[in-house]
Every structure is written in structure tokens, then in C-alpha cells.
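Colleague: Chain by chain, the residues:
There are 2 protein chains.
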Amino acid sequence: MELELLNSIIPELKQNSSVLTGPGDDCAVVDCAGVKLLLAADSVTENIHFTADTAPELAGAKLVKRNLSDIAAMGGTPLWMLLTLADCGHDIQWLRKFVSGAEAAAEEFGVPITGGDTSSLHSPGFTASVTIIGRADTPVLRSGAKPGDILYVTGEIGNSFLSQHHLNFTPHLAEGRFLAKYANAMMDISDGLLLDAARMAAASNVDIFIDPQAVPLRSGAALLQALSDGEDYGLLFCCKQDIDMEKEFNKQNFPAKLTRIGCVRAGNGMVREFSTGRPFNLEHHGYEH
Amino acid sequence: MELELLNSIIPELKQNSSVLTGPGDDCAVVDCAGVKLLLAADSVTENIHFTADTAPELAGAKLVKRNLSDIAAMGGTPLWMLLTLADCGHDIQWLRKFVSGAEAAAEEFGVPITGGDTSSLHSPGFTASVTIIGRADTPVLRSGAKPGDILYVTGEIGNSFLSQHHLNFTPHLAEGRFLAKYANAMMDISDGLLLDAARMAAASNVDIFIDPQAVPLRSGAALLQALSDGEDYGLLFCCKQDIDMEKEFNKQNFPAKLTRIGCVRAGNGMVREFSTGRPFNLEHHGYEH
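Line by line, the protein sequences give chains A and B.
Just so you know, we're using this note's numbering here: the first sequence kicks off at 1 and counts up by one.
Just so you know, we're using this note's numbering here: the second sequence kicks off at 1001 and counts up by one.
Bound conformation, chain A alone (with noise of 0.2 Å):
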């Protein structure tokens, strides 16, 4: 996987004093005057995160709502978005149609698309991206886990591709501004939870522990399936034990729930089963795009 090489090295790349989070992230976080801006960039291309008998409609509303997700990770608020599409062999009311969606999921949000770019590919295929800036006055990273944290998700984990739910989604944006205010640290759950839960982990230098029969599945799916599915889009956060968090939350009436799942505690970047200390075999449970 060339590509996976690849995006090792942009956390690699060099920054300057305006950029008070790099790479790495689920947003940088850039001063601009004072104001913390988020920026984020996510694709969706035909045949990986959609298939050809997707309606692109829904397509594009994926590719806005991977972006507002990422905003959501970092307790943000998204405010503007750019557009990229390039493709060879749709039709224009097929490409209307997916930018129509993406306009919607936006528009929904808030969220205007204030430009853009088209190209055409060489050979067929189909691949849009979106650029997202959004804004936090306290951005939560997914660096700052403690050991003595409880961990939680927001949502339902597995069975995502063949729910539709990856298609389905809402980001969750009024969920993850209210967390901002309690979590230590916070990240959408987009790789699969284990695989995501062991980036928190190797970021924070900590061990983060799971108990899976905690997970709340989404209906279908099987758990040890439900570890390694990726798009589920709840948010993965910890937060201090002393904090009644599924208090605070139930009283924000959101839609999604909030389950423990499992904690936090000095380590080195490991992820490990609750009851027994031995790590997942991460080899088997996660999925990279």
C-alpha cells in the first residue's frame, strides 16, 4: 500500500510558529489572529468509499460529512469548505447530482462551499475531495489522554458498509463541541475503533484499555468484526473518572448515546483487553484506507 507509505510522510512535513498543531490530527489547529482555525482535508473515490450503484447524491454527502467529522473530532465548528472533483466517465447529471448532495450535507450544517476546482482523469475513475475550516477556542487533540481517564465512544460501532450507515451519517458536531468541554482527548472513529483507539494511544503515550463487550454494536454487526470496521464516525474520547460524564451527557437530549467502553492508563501506546491486559492483535482489527 504505496499510498499508506506516502501519508507517513506528511506528518513529516515542515511547519512554522502560525501552525500550533500539525499533521497528525484529525485538524490542524493554525492561529489566525488569535482565532484557532481547524483545517482538514478528506476524499471519497469510487470503488473505496463508495460504489458504482451508489446514489451520488448520497456519495457526496459522505465526502462533506467525512470533513464535518473531523471538525467534530476537535470540539469545532466547521465554517467554510472547498470542493475538488476529477473524474473520467460519469455523466454531468451524475457529477450534478453528487455535488448537489454535497451542497445539501453542507447546507444542512451551515456550512458554505465558498470555491473549488474540476479536472479530467486520464482513464475512468472518480475522486472529489473536500477541504474544511472550521474553528475552536479549545481544541481537543487526540494527544492528550491521561492514565486514570474513562473512555467512551458516542454512537454504535460495526456493520457500516452493509447498514449504509456510512452513507447514512450524521457527524457528530453538537456532540463533540459539548465534549470539548470535558475531554482530555478526542478523535472520530473512521479506521476502525481499534486501529483508531491505538493512534490515541501511541499519540497520548499511553495504554488504552477496551472491554469489548462494552462495544455497543450497531445492529448486524458482530463484535469482533465491529473492532476492526472502519466509518463508524461516533467520537472516541476520554475523559477524567471524577466527572459523571453519561449525566452531563443524557442531559444534552443529543441523538447519538454515550457508552463507556473502557480506560486509560500508563503505557506506551498499546491497546489492550480490559479484563485480561493482553494486547489486540491490531494486525487483524482495523481497517486503513
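Incorrect hints may have been included.
Said to hold, decoys possible - Partner residues aside, some chain A positions facing chain B, computed with beta carbon under 8 Å:
#: 1; residue: T84
#: 2; residue: I92
#: 3; residue: L95
#: 4; residue: G220
#: 5; residue: A222
#: 6; residue: E273
#: 7; residue: S275
#: 8; residue: T276
What the hints assert, rightly or not - Stretches of chain B that chain A covers, calculated by requiring three or more beta carbons in the stretch to come under 8 Å of a beta carbon on chain A:
#: 9; region: 1009-1023
#: 10; region: 1030-1039
#: 11; region: 1070-1082
#: 12; region: 1092-1101
#: 13; region: 1112-1125
Please keep in mind that the hints were generated in silico from the structure rather than gathered at the bench.
Note that the Cβ used here is the ideal one computed from N, Cα and C, for glycine as well.
Starting from the known structure of chain A, arrange chain B on it as the hints suggest.
Modeller: Frame of chain A, contents of chain B only:
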């Protein structure tokens, strides 16, 4: 050209009150707590913007410089970029060189690449896009040309592909920032002088008169071809006739030269030959990607 049809949709996307200038100019202008931010996105695609034998470092640099040129066109200062790639068929060495070429060009102008995304195309090809974020105290739009203004270009016109100018150009950022103090309208010349002048004329609801004999040709350029060739990346701008623009510009010792090529008169979006007043035939001049 279905993607050209699609490009006509982007300017119609709904905006909100934070968007001071929506899609359709070189950059959108948005209000961020009183700071005017410039937002733009531009791509390079193999077989369109570069060829299979182009050095990948130069292709990556071109992508970054195309975006810097959009900031120059508004009289702005670039701040941050995000990079997305979609590929099928190049090896990791080629991809790394593309990214390092992009990074070197960004670093030359002090702009960090703060993040990005990579994905796999289904059939052979390569496309990459950059979103750039900049700022300008007084962004110069293409819509501000006034009857009586004098029309200028920076740099030279024509023969960009054969001369490799399209890979080796330097975006006119310093020139653009300086000119922002004087220009009523400004844009970069990316799709051919006549086509871009027609866009300025239409956005400003004026006629633009160009003297073909005055157009500064790049070495090896033939006049008629030069008027329609793309990828010049100089600035096209106009300012009030009582400004001694040559004198002010030449004091700055910019590497790019300034040339007076015409004027602006009352009208409704036509580009006309200076001496005869006849409209140029845009069907045969100007290159749309």
C-alpha cells in the same frame, strides 16, 4: 466538456454572510473575526497539467505555485496549504518526489503544508489538489475595472508549455501585494490572456481593449497563439490612468516586468482590439482546462 459545465455550477453554490466574495474570483474572501481570509483550490492532473515524462518534483512544485498565483492575484499573502493526492500506478519514489517538490515550493514562500489526504484511483492516473488559505487587508477582485483604467500585465505571454515556463514560473506574490495598492481589478493569467481578460470584462461589466502589438511575448511565442495559450501566471490588472504605474512599479525592482497593453472602456463584457475596436473571437483564443 462536462467538467466545464460542472464548473459553472460552483459559482451558484449558496453562501452565507461570512462569505464576502463567493466562488468565481481567483479566491473566495471570507471574514474571520475581522481578518479577510482568501480561500482557493487548484489541481494538477497527469496528461493535462504535466506529462508522464515531467519530473515529479516539478509537477508538485507547479501545483503549489498555481495556488500561490491565485493568492498573488488577490494581492494577498499565503498562509497555509493542504494537499490531497489520488493515484494509481506511480511508485512510492515518484510520489515522494512529487510531495517533496510541493514542499520545497511551499517552503520557498514560507507556507507550511499543514495536512492532506491520499487515496487510490481504480485505474491508472494521478491527480492532486492543493487548498490554499491566505489573507489580504484589501483583496483585489476581478470585478473592479472602471472605464478609463489602463490595462497592464506582469511578466510575459505565450509559449509556456514548450519553454517549460508552466513548470518553472515564479508566482508574482510580491508584485501582487504591491499592486493591490493601485489596482482596481486584478487576476492571474492562467487560461490565456484573451479568455482571462474576457472574464475580467464580464465580472466588471466593462469592455477591455487590448493592443496585440503591445503584448510582451515570451521567447519563441507567436502572437496569435500567445493570446490564447494558457499557463502564463503573470498578473492582469488595471488601474486609474492618472497613476504613473510604470514608474512606481519599476522603483521596486521586481524580477517581473510590467507592460501596458490596453485600457478599459464602458461596455458589457467584450474584449476588443485596441486600434479597430473589433471584438476578438474568443472561440479560437483561450484555453479552458
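Colleague: Could you check the structure against the hints above and give me the numbers of any it violates, in ascending order?
Modeller: 4, 5, 6, 7, 8
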